[in-house]
Amino acid sequence: DAGVTQSPTHLIKTRGQQVTLRCSPKSGHDTVSWYQQALGQGPQFIFQYYEEEERQRGNFPDRFSGHQFPNYSSELNVNALLLGDSALYLCASSLGPPASGRLSNTQYFGPGTRLTVL
Amino acid sequence: AQSVTQLGSHVSVSEGALVLLRCNYSSSVPPYLFWYVQYPNQGLQLLLKYTSAATLVKGINGFEAEFKKSETSFHLTKPSAHMSDAAEYFCAVPAGGTSYGKLTFGQGTILTVHP
Chain H
1 DAGVTQSPTH
11 LIKTRGQQVT
21 LRCSPKSGHD
31 TVSWYQQALG
41 QGPQFIFQYY
51 EEEERQRGNF
61 PDRFSGHQFP
71 NYSSELNVNA
81 LLLGDSALYL
91 CASSLGPPAS
101 GRLSNTQYFG
111 PGTRLTVL
Chain W
1001 AQSVTQLGSH
1011 VSVSEGALVL
1021 LRCNYSSSVP
1031 PYLFWYVQYP
1041 NQGLQLLLKY
1051 TSAATLVKGI
1061 NGFEAEFKKS
1071 ETSFHLTKPS
1081 AHMSDAAEYF
1091 CAVPAGGTSY
1101 GKLTFGQGTI
1111 LTVHP
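Chains as they are written, first to last, in our numbering: chain H, 1 to 118; chain W, 1001 to 1115.
Don't take each hint at face value.
Claimed, not checked - Just a sample of chain W residues kept apart from chain H, beta carbon distances all over 12 Å, derived: (1) Phe1063; (2) Ser1073; (3) Thr1077; (4) Thr1112.
Unchecked claim - Have a look at the derived ranges for each label pair, beta carbon to beta carbon: (5) H:Phe69 to W:Gln1042: 23 to 31 Å; (6) W:Glu1066 to H:Gly16: 43 to 51 Å; (7) H:Ala38 to W:Leu1007: 15 to 23 Å.
The set of hints was computed from the structure by calculation and includes no laboratory data.
On a predicted model such as this, the values are computed, not experimentally measured, just so you know.
Glycine included, every Cβ here is placed at the ideal spot set by N, Cα and C.
Construct the complete structure from the given sequences, taking the supplied hints into account.
Next comes the structure, spelled out in structure tokens:
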């Protein structure tokens, strides 16, 4: 049973550039969430996709955008990169629509993509 | 919105000693609470989850956590530490309200295990 996979593993970009990170959810899962984990911090929620739509969003600027494909995989795009965007980007998958009380909302995380902005 | 606080950013124990990692939640009783572990240069792995079905929750690798409403706590314990337990541990809670799909994490506790 394949878990959550992310690509690439590491990425180095320069300020002002754009980056795309990719995520494939755990088999059978249809909801994808993205988190940013800065060094020494806990993960911070960026946004969540279900049925190819952004369902929830955290406190991140519009430079952060995403997409979900019909096969449930997802992309995270970051435009106009800043030094402060350097972080580990984690993708998590879960089953079913985001809804209060759903046990199936348990999120399973991938290994992450380490983004370094120079 | 719900939040969690992890007391102690670093915990150091000897191999074979009790492990206690502390987590307190902020307000009303949450429907779920989670503990995740992160090994160096890896993603997060689910250790255990509280679902209100039982106050004592057993997880993987010999870890367990007890939900205590009177103390607003969900501390993680393991009776005997192993070298392989060295990692960073995160407590997490659904943000609540209309943000139930969003997990809010604590700042993390780095566990060091000495031989």
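Hint check results:
{"no.": "1", "hint": "Phe1063", "verdict": "holds (16 Å)"}
{"no.": "2", "hint": "Ser1073", "verdict": "holds (18 Å)"}
{"no.": "3", "hint": "Thr1077", "verdict": "holds (20 Å)"}
{"no.": "4", "hint": "Thr1112", "verdict": "holds (15 Å)"}
{"no.": "5", "hint": "H:Phe69 to W:Gln1042: 23 to 31 Å", "verdict": "holds (26 Å)"}
{"no.": "6", "hint": "W:Glu1066 to H:Gly16: 43 to 51 Å", "verdict": "holds (50 Å)"}
{"no.": "7", "hint": "H:Ala38 to W:Leu1007: 15 to 23 Å", "verdict": "holds (21 Å)"}
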